[in-house]
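Novice: Modelling step: build the complete structure from the supplied sequences, incorporating the hints.
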Amino acid sequence: MNYAHVHIILNHFPTIGTVLGLLLFLYALLRKHDELKEVSLVIFMVMAMLGIPTFITGAAAESAISARSDTVLVEAHKDAAVLAFVFLAITGTFSWLGLWQARRFGRMATWNKGVVLALSIVTVVCMINTGTMGGEISHAEIRAEGATAAADGEVGLNGALEAWVLDNAWVWPTGETLHFTGMTLLFGVALMTNLRLAGLLRAVSFKAMHRLLPLGIFGFGISLTTGMMLFNANPTRYIAVPTFYLKMFLLVVAGIAVLYVTVFDETWSLGPGDDTPMRAKAIAVVTTAMWLGVLYFGRMIPFLE
Amino acid sequence: MERNTLIKFGAWAVAAILAVVIFSNEGFLLWLELTTFGTFVRESTSFFGYPTFIVLHTVGLSVVVGTSTLIAIRVLGHANTIPLQPLGRLFPLMWFGFGINLFSGSGLAAATAVGQFGNQIFIAKLIFVIGGVICMRWLQKVLFQSGMGEDDVIPPIARRLAGSLLGFWLLAMVSGRLIAYAGVIIGR
Chain W
1 MNYAHVHIIL NHFPTIGTVL GLLLFLYALL RKHDELKEVS LVIFMVMAML GIPTFITGAA
61 AESAISARSD TVLVEAHKDA AVLAFVFLAI TGTFSWLGLW QARRFGRMAT WNKGVVLALS
121 IVTVVCMINT GTMGGEISHA EIRAEGATAA ADGEVGLNGA LEAWVLDNAW VWPTGETLHF
181 TGMTLLFGVA LMTNLRLAGL LRAVSFKAMH RLLPLGIFGF GISLTTGMML FNANPTRYIA
241 VPTFYLKMFL LVVAGIAVLY VTVFDETWSL GPGDDTPMRA KAIAVVTTAM WLGVLYFGRM
301 IPFLE
Chain F
1 MERNTLIKFG AWAVAAILAV VIFSNEGFLL WLELTTFGTF VRESTSFFGY PTFIVLHTVG
61 LSVVVGTSTL IAIRVLGHAN TIPLQPLGRL FPLMWFGFGI NLFSGSGLAA ATAVGQFGNQ
121 IFIAKLIFVI GGVICMRWLQ KVLFQSGMGE DDVIPPIARR LAGSLLGFWL LAMVSGRLIA
181 YAGVIIGR
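Chains W and F, in that order, give the protein sequences.
Counting along the first sequence from 1, when you hit position 258 you're at 258 in this note's numbering, and nothing is skipped either side.
Counting along the second sequence from 1, when you hit position 16 you're at 16 in this note's numbering, and nothing is skipped either side.
Please keep in mind that the hints were generated in silico from the structure rather than gathered at the bench.
Errors might be hidden in some of the hints.
Unchecked claim - Covered by chain W, per the in silico footprint, the following chain F stretches (three or more residues, Cβ under 8 Å):
(1) 48-58
(2) 69-76
(3) 79-87
(4) 165-175
Here the structure is a predicted model, which means the values were calculated and not measured.
Beta carbons: idealized from backbone N, C-alpha and C, even for Gly.
Specialist: Now the structure itself:
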């Protein structure tokens, strides 16, 4: 089993998941059902997180079939994947914000309902398009006529992005600097909320801590955007390093675990002086270790190339 | 200004001048590179060599900058439902993070001392870090070691220090990251 297999397995989740999420969200909006709305937001957020390994293993899958001649299909699939990933990530971010608003204010902001709806529709279209193109790479029987014909000299979205990063000397250092800055903000928020859960800052209610979470997600957004931009410009550098996959695995799991501090009653109900349940303490310790692992494996990449 | 404060400022000024004189001496920097510590960090192929120092530097930075940034943001008025005084308990952790960075940073600087101390971006980073540390310590004294109560109004000096802290950390991080790109930026 190689990363091409993993990509084939993973890519179904964000595609089917976003469709299901959208259907559920539409139903919840029509029925004014808040719980179902939140379930669909959770689905969008989890699918966005799963989009990260799907995108990365896609680069590894491309490497595995690089000897093939029909690279036009692969390039078209990559272009579609970049667009789909961008919209998926933005949808996931606004969905998380909706969950945060629902927890903090009792309901998701009306403007955000419209934003998530519009974004999720665009994402579903992009995901279906990407999935179809991906399927055509290995299934000649479903290809449209002329799908393998090369477009003369045309540079797609992916190629343009790659050239922008690699051809401008300032882009890579700026991207790395922003990546570190975002990571520091994210780690600070993760550390502070986890210290509260672990019992160190017991005098602070979790409701108060909850206000810091958007800052952490902002940091995560900066790091994800710049990280994926750098990865996309030179994927072969990263996919050859085993610890890169470990970093991304920990990132995805720790990212999904953010839901615990965002929506769960167990954390939200912690008032000043309240001790935390053992489960919350365990989650705090494990997720802090995971974020440290993300830092460790990320920083080790240049030494393990 | 009180006599003790003047003496303290004078001592720090003398220490700063001495540091500049010592670290601009190429013979000293070369000696630093050839110490067991500098040689180990630069040449060791063990797991605990250069990569570990880099990782420690990143972890220490995340702890000290990440946590102090949030305290500064709170002092500036964001998330003001978080009571301020309990946050004072985070300072030992922040100083621990800074200790990690001081140790790992010393190792990384000693390993290539001649190149580092001749690099303007590295010098700028050091100045920003020193500025950040001064603000952090001052903030700790003003807010958490002056008998200030939870209901007391945050003094304007604390807000100025918090703003400066954010500025210094941002500049330190940007310059720190750009050290590796000195060749592209300033041709070193």
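Novice: Now tell me if each hint is right for this structure.
Specialist: Quick rundown of the hints versus the structure:
no.	hint	result
1	48-58	holds (count 5)
2	69-76	holds (count 3)
3	79-87	holds (count 7)
4	165-175	holds (count 3)
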